[in-house]
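Each protein sequence line maps, in turn, to chains G and Y.
The first sequence begins at 23 in this note's numbering and counts up by one.
The second sequence begins at 3 in this note's numbering and counts up by one.
Don't read these hints as lab results, they were simulated from the structure.
Each residue gets a CB set at the ideal place from its N, CA and C atoms; glycine is no exception.
Accuracy of the hints is not assured; some may be wrong.
[What the hints assert, rightly or not] Simulated DEER-style distance windows between Cβ atoms:
| id | chain 1 | residue 1 | chain 2 | residue 2 | range |
| --- | --- | --- | --- | --- | --- |
| 1 | Y | Ala29 | G | Gly99 | 38 to 44 Å |
| 2 | Y | Gly56 | G | Thr44 | 25 to 31 Å |
| 3 | Y | Pro62 | G | Thr44 | 17 to 23 Å |
| 4 | Y | Thr151 | G | Thr44 | 23 to 29 Å |
| 5 | Y | Arg78 | G | Thr90 | 25 to 31 Å |
| 6 | G | Ser42 | Y | Gly97 | 33 to 39 Å |
| 7 | G | His71 | Y | Gly8 | 47 to 53 Å |
| 8 | Y | Val126 | G | Leu74 | 21 to 27 Å |
| 9 | Y | Cys6 | G | Gly99 | 35 to 41 Å |
| 10 | Y | Ala40 | G | Leu74 | 55 to 61 Å |
| 11 | Y | Thr151 | G | His71 | 43 to 49 Å |
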Amino acid sequence: MINVSIQFFGSLRDWNTKSSVTFKVPLGLKVNELRTLVAQEMKAQGADHRSLEILNASVFATEETTLTEDSILSGDGVLVVLPPVCGG
Amino acid sequence: METCVGEIQIDISEKPLSTDQGLAAIASLSQGAQILFAGAVREWNHGRKVLAVGYDAYPPLALSELRKICLEAQERWGNSLNFWVSHRTGKLAVGELSVVIAVGSPHRDEAYQASRYVIEELKVRVPIWKKEFYEDGETEWLKGHALCTHLASQSAEARNT
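For reference, chain G alone in the conformation it holds in the complex (with noise of 0.2 Å):
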């Protein structure tokens, strides 16, 4: 098993009132393995649907790169999750 902490921006730092939520996941767990998981605690945790909308507009990213849906966790680490963006 490894230890994944998950970074919440934008609107979803909104549903949590910690800055991160840490995982315990199987080694070799897929992003949207991952996302589901996710989904799941926020659900326990009273998120609003919309919440969980944007969760699933959102991506999955380290601190070099976004990640795709079959992106394979290798290790401890810190993940972010990025909703729809709108700067400027």
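Position chain Y relative to chain G; hints supplied.
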């Protein structure tokens, strides 16, 4: 000190932005054109009176994506273009500058086009988000452009079932 030709300077911080700083940063004896774009918080949005806008960003990817955008602009309009791009984070009052993009180029056509390219790409690619604070006390995170690609796959699957 004169800026080197082709230099790209990117910054994301809570510090107030300065258009003078942007122009000074791209000034060069070889650049005949200096184009400045400044984005400011406006008072009305979709019929609602805005008091302030809060900007959130993920700096590691925001900085790298902005640099990538400027490099793409150099590829299209010339490696001699200078860029200074600065985006502010935190809570900004109406009228305050949220983003400044300064482009230096030997000639104006390339500078105009490159400047437009940078702001349009920033809006759809760079991990920055904004929340509006309204006169009635409510707040709202603005809708944005998804960076993920799996939504298109979901739509295709739904159409095929």
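Hints that the structure is at odds with (numbers, increasing): Going through the list in order, the structure violates hints 10 and 11 and respects the others.
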